[in-house]
Structure formats: structure tokens, C-alpha cells
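**Q** Here is what each chain is made of, one letter per residue.
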Amino acid sequence: MTEKNKTQLSLLIIIFILFAFSNNLNLDTGSIIEGGRNSKDFIQEALPLDMSIFDAQPYPICEKKIPFFCSVAWLGLSETFQMAYIATILGFLLAIPLSVIASSNLNFGKFKFISRSILSFIRVLPSLVWAIFFVVAVGLGPLAGVLAMTIYTVGFLGKLQYEAFEGVSNHPIESARAIGMKKWQIVHHVVLPESANSLMSQLLFMLEYNMRHGAIIGLVGAGGIGYYLNLYLKLGIYDRVMSILMIMFVSVMLIDSISNSLRKKYFSSMGKK
Amino acid sequence: MSETVFKETVLELKNLNVGYGSKEPILKDINLEIEKGEIIALVGPSGAGKTTLIKTIASIIPQISGEICILGECCADCLPSGNIGYIPQRLGLVNNKTVIENVIFGKFHEMNFLDVFLSDPNKEITKEAMEILESLEIKEKANEQVKFLSGGERKRVAVARTLLQKPKIILADEFLGELDDETSISVGFKMFNYVKKNKSSIIFVDHNPARAMGVSDKIFKVCESKVVKLDKQEKNVEVAI
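Those sequence lines, one after another, are chains H and Y. Take the first sequence: its letters are residues 528 to 800, numbered as in this note's numbering. Take the second sequence: its letters are residues -15 to 225, numbered as in this note's numbering.
Among the hints, a few may not be true.
Claimed, not checked - Computed cross-link-like contacts, DSBU-like style, restricted to lysine-lysine with a CA-CA straight-line distance of at most 35 Å:
id	chain 1	residue 1	chain 2	residue 2
1	H	LYS710	Y	LYS180
2	Y	LYS210	H	LYS710
3	H	LYS709	Y	LYS174
4	Y	LYS123	H	LYS637
5	H	LYS710	Y	LYS107
6	Y	LYS131	H	LYS709
7	Y	LYS123	H	LYS709
8	H	LYS710	Y	LYS125
9	Y	LYS(-2)	H	LYS637
10	Y	LYS180	H	LYS709
11	Y	LYS181	H	LYS709
12	H	LYS686	Y	LYS7
13	Y	LYS111	H	LYS709
14	Y	LYS107	H	LYS709
15	H	LYS709	Y	LYS152
16	Y	LYS125	H	LYS791
17	H	LYS791	Y	LYS7
18	Y	LYS12	H	LYS710
19	Y	LYS(-9)	H	LYS709
20	H	LYS709	Y	LYS20
21	H	LYS710	Y	LYS181
What the hints assert, rightly or not - Over the 10 Å line for every Cβ pair with chain H, so calculated as not near, a few chain Y residues:
id	residue
22	GLU19
23	LYS111
24	LYS123
25	GLU166
26	LYS181
27	ARG195
28	LYS202
No wet-lab data here; the hints were simulated from the structure. Glycine residues also receive a C-beta, built at the ideal position from the N, C-alpha and C atoms.
All chains should be built: construct the whole structure from the sequences, respecting the hints.
**A** Quick look at the structure:
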């Protein structure tokens, strides 16, 4: 069989499997066309945007001087940001001891395996599933959201952190060990300072990530802007749904650009006096 | 009339086999005694095992078999203590810390928990560290981060850290390499002067035969899995190295 024939046969096999799987999953084109019509209806109902989410809510009565601070947009977004901030900082701090133990260059023996297993288990479940778990455990509201995001942050940052620790040069670690520094001293005075740039970058990335996911986990009742998104979706008020999606998009873009400029400022100072 | 000299062994290697894990030992059956106040040069071709030997004595690499006795304490799997000062080939400095912070690492084994945690030594330690930095002509860089220093300056920081530590035994892996002659003499003088003044001992790896011969009390050559003592009186030492 020539090379050309082999390529043609491979393509045919790929297309055959594609159709076989589509048929198996009942992916009929009728549903896609129907879906297109529904999407058109949704967009027609969602536009123009309902800007009332920036006005003060009728109840409870707004006692603030600027009505915007009693609006759905402000209340939801600020709650989501606060949840994301608390979860990121707590998760970061809780992840450090686990990632130190999980680092292969710091010689924690069998504890390394235990720590890595804990971090892997946490990451197996997405933050949305953790949110459902905590909503059941502690009830609806921001606490469930903060707990879910904190746990997920520990799993996610823990892995990034121990990889950063393992990337630290062995020379200062060996040198510190030889002059009699204890393990905690090596972690505190050698490993953490040497990986500080990576840790800082990871922290900023996680804050962005938690801000996005803070909105999503609100859908299951874990507080924040997601709570209002869920409410308006259930009530079919799509112009407000679209408004919320727009302010979420803008806020994530804003945080993204702030963290980018912080990263640039931080990393550009490297190598300069 | 002959003077009676009481010799005190600070480091003894007994039937030591060194290498990495289950692989064939790099150096076999090493027996060596280092006296208090001795300056020992370790020479030999690249890849012979000089650094591996130094790292094994510093307890960074576990020995395959045999014993290392430091200040009379023999053990098969020793934990490092503040008695050994170590300057690795790449100096082992913490780049994101300042010069003075790196130097003060040398005193951590004598400081209390809180002072170590806050990296806040008492005034005497700071004063002593600054004096050492001044003697090595790097005092003005005390508050600069190590990552901004030149190669020669970094070497001086590593030496300052060891001098502040005041170890009984110093292990220095090519600590005078890559320095210009003037700096090499000045840094070397400080280190060897410290050793003689404080009755410490030093084992240093050097690729410069003339320097190794000039400053050391004994020269050992690491070659073909063995450590052999060279006679300093022999004219062909340079050739042997």
C-alpha cells in the first residue's frame, strides 16, 4: 500500500468513527437547527441589555448615599470578588505546607506520597462539585462558595507550588543543609525566597481563576453574582442575564489586565539594579 | 631539641566508598586523617570524584559504606551540624536575598527560633558580619540582592558566610577559581589566615597546582577511584596533578 493510500484509508476510518459516535449519541441535525432557533429567541429577548441591575434594589431600602452600592451589579460582583480574594489567600497559605511536603527535593519520604495524593484528590472534583458539597454541608450562601474555592485552590495551587519548589536550584539547598540549617529553615529562607517569583505569578493567576469560578459556583447557591444569574435564568429575564454576563466579562477583563501589569512590573524588575 | 606536638584529628575517613546510590562507587576504600589546623588541597582531573568526596564529607550525599568521623564522632549516616562550613562549586547562595542575609545564614545554628524565623540576628552578629564583609571589601554591597552581584563578589559572600559560621572544618570546592589574581590572593589570604588563627581545618579543591602547593600543608590527588597523598617535596607534583 502506498503512502497516499494509507493517508486516504486513515481519513476514511476517522470519518467513519465520527459518524458512528454521532449516531450513537443521537446527535441529529434537527436538534441543531432547533437549537439555532432557540438561540435566536434568547438573543432577541436578551437585547437590549437591562441596565436596571445598576439601580438600587427596591428592597431592602437603600441607606447608602450612592444608589449604585445597593444594586444587583455591585452587591453580586463585590461579594464574588470578596469570596475569590478570601479563598485565594486562604488556599495559597494552606497549600504551602502540603506542597513543601510534596516536593521531592525536600526529602519528606512517604509523607510526600500522602501529600500528593491529597492534592490530587482535591483536584479530581471541580470547584462546582465542591460548591454543591458545601451548600449541602453549610447551607446556601457565600460561606459555601468560599469553602469550595478554598479547597479547590489548595489542590490547584498545591501542584503548581511543589513544581516551583522542585525547580529551585539544588546548590543553595545543599549548602544550607551542609552548614546545619534545619529543614524548616531551608524552606523558609531558601526555597520560598528562591521560588517567590513563581509563587507570586501563581497567586495572581488563581485570583483571576477564582473570580471567574466565583460567578459559576453561585449558580448552585454558593453566593455572589452567580446567585442573581441563576435567579434571572429561572425567571426567564434574559436581558438581565445578558447584563450580568457583560459585567462579569468586563470585571474579569479588568482583573486580568491588573494582574498582567502587576506581573510585568514584578518580573521586569528581575535582572535590573 | 625536638618539640613535642600533640596532634588532634578533626576528620577521619575509614574505608570510605563514595558514589551515587547502587551504582559502582566513584571512590573506593578511602582512608584519610586530617589534623586540627591543617590546610589540605584536593587535586585531580575533572570528573575524578573530588566534588563527590567533598559532598559526602558534608553529608549531602550518603556514603555507600565506611565511616566518617568528625571531631571524634563516627557515624555511617551523619546529620550535618554547624561544625562544617561548606562552599560548593556554585556557591549555594540564595539569589533573592541580600548579601548580609546570606552571610547571616552561617550563624543560624547559634540563633534562637524567633530570630531565625524573622532573620533578625542580634547586634553582635550583625556587627561581626559587617566586619567580615568589610575585610573582604564588599561591605558597600551588604544590602544588595545577591542576584545582582558579579561572580567574584558572589565568591566573597560565600567566603564571608563561612567565616561568620566559624566552623571547625571547612570544605571548599574551587572557591578561588574564576577570580583574578589579586582577588584570589586577598580572598584566599582571609580564608587561610582564619584557618591558622582559629585552628580550624580546610579541605579545598583547586585546579591551580602552584597555588595548591603554595598554601597547603598536604596535597591529595583524586584519581582512578583512589585518593593518594602527594609528596610536596617532589619536583614533579605539578606534573602529577
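**Q** Indicate, hint by hint, whether the structure satisfies it.
**A** How the hints compare with the structure:
Between H/LYS710 and Y/LYS180 the alpha-carbon distance is near 32 Å, which keeps this suggested pair within the 35 Å criterion. In summary, the hint linking Y/LYS210 to H/LYS710 is supported, as the alpha carbons are separated by about 34 Å, within the 35 Å threshold. Among the hinted pairs, H/LYS709 with Y/LYS174 is consistent with the structure: their alpha-carbon atoms are about 28 Å apart, no more than 35 Å. Restraint check: the Cα-Cα separation between Y/LYS123 and H/LYS637 comes to about 44 Å, which exceeds 35 Å; the hinted pair is violated.
Taken as a hint, the H/LYS710 and Y/LYS107 pair is honoured in the structure, with Cα atoms around 26 Å apart against an allowance of 35 Å. Restraint check for Y/LYS131 and H/LYS709: satisfied, since their Cα atoms lie roughly 24 Å apart, inside the 35 Å limit. The suggested pairing of Y/LYS123 with H/LYS709 holds, with an alpha-carbon distance near 28 Å, which does not exceed 35 Å. Under the criterion of a C-alpha separation no larger than 35 Å, the hint pairing H/LYS710 with Y/LYS125 is consistent with the structure, at around 28 Å.
The straight-line distance between the Cα atoms of Y/LYS(-2) and H/LYS637 is roughly 32 Å, inside the 35 Å bound, and the hint therefore holds. Restraint check for Y/LYS180 and H/LYS709: satisfied, since their Cα atoms lie roughly 29 Å apart, inside the 35 Å limit. Using a Cα cut-off of 35 Å, the hinted pair Y/LYS181 and H/LYS709 holds, with the two alpha carbons roughly 29 Å apart. Taking the CA atoms of H/LYS686 and Y/LYS7, the gap is about 32 Å. The hint holds against a cut of 35 Å.
Of the supplied pair hints, the one linking Y/LYS111 and H/LYS709 holds, its CA atoms being roughly 24 Å apart against a limit of 35 Å. With a C-alpha separation of about 23 Å, the suggested pairing of Y/LYS107 with H/LYS709 holds against the 35 Å cut-off. For the hint pairing H/LYS709 with Y/LYS152, the CA-to-CA distance comes to about 19 Å; that is within 35 Å, so the pair holds. Note on Y/LYS125 and H/LYS791: the hinted pairing holds, with a Cα-Cα distance of about 27 Å set against a maximum of 35 Å.
Distance check on the hinted pair: H/LYS791 and Y/LYS7 sit about 46 Å apart at the alpha-carbon level, beyond 35 Å; violated. Using a Cα cut-off of 35 Å, the hinted pair Y/LYS12 and H/LYS710 holds, with the two alpha carbons roughly 31 Å apart. Restraint check: the Cα-Cα separation between Y/LYS(-9) and H/LYS709 comes to about 33 Å, which is no more than 35 Å; the hinted pair holds. The hinted pair formed by H/LYS709 and Y/LYS20 meets the criterion: a straight-line CA distance of about 27 Å does not exceed 35 Å.
Of the pairs offered as hints, the one joining H/LYS710 and Y/LYS181 holds, with about 32 Å between alpha carbons and a cut-off of 35 Å not exceeded. Distance check on Y/GLU19: its Cβ is at least 22 Å (rounded) from any Cβ of chain H, clearing the 10 Å threshold; non-interface status holds. Every CB of chain H is more than 10 Å from the CB of Y/LYS111 (nearest about 21 Å), matching its label as outside the interface. The beta carbon of Y/LYS123 sits about 18 Å from the closest Cβ of chain H, which is more than 10 Å, so the claim that it is off the interface holds.
Separation of Y/GLU166 from chain H is adequate, the least Cβ-Cβ distance of about 25 Å exceeding the 10 Å criterion. Distance to chain H confirms Y/LYS181 as a non-interface residue, since its nearest Cβ pair spans about 20 Å, more than 10 Å. Every beta carbon of chain H lies more than 10 Å from that of Y/ARG195, the smallest distance being close to 23 Å; the non-interface claim holds. Every Cβ of chain H is farther than 10 Å from the Cβ of Y/LYS202; the closest lies at roughly 22 Å, confirming the non-interface assignment.
Consistency note: the structure conflicts with the earlier hints numbered 4 and 17.
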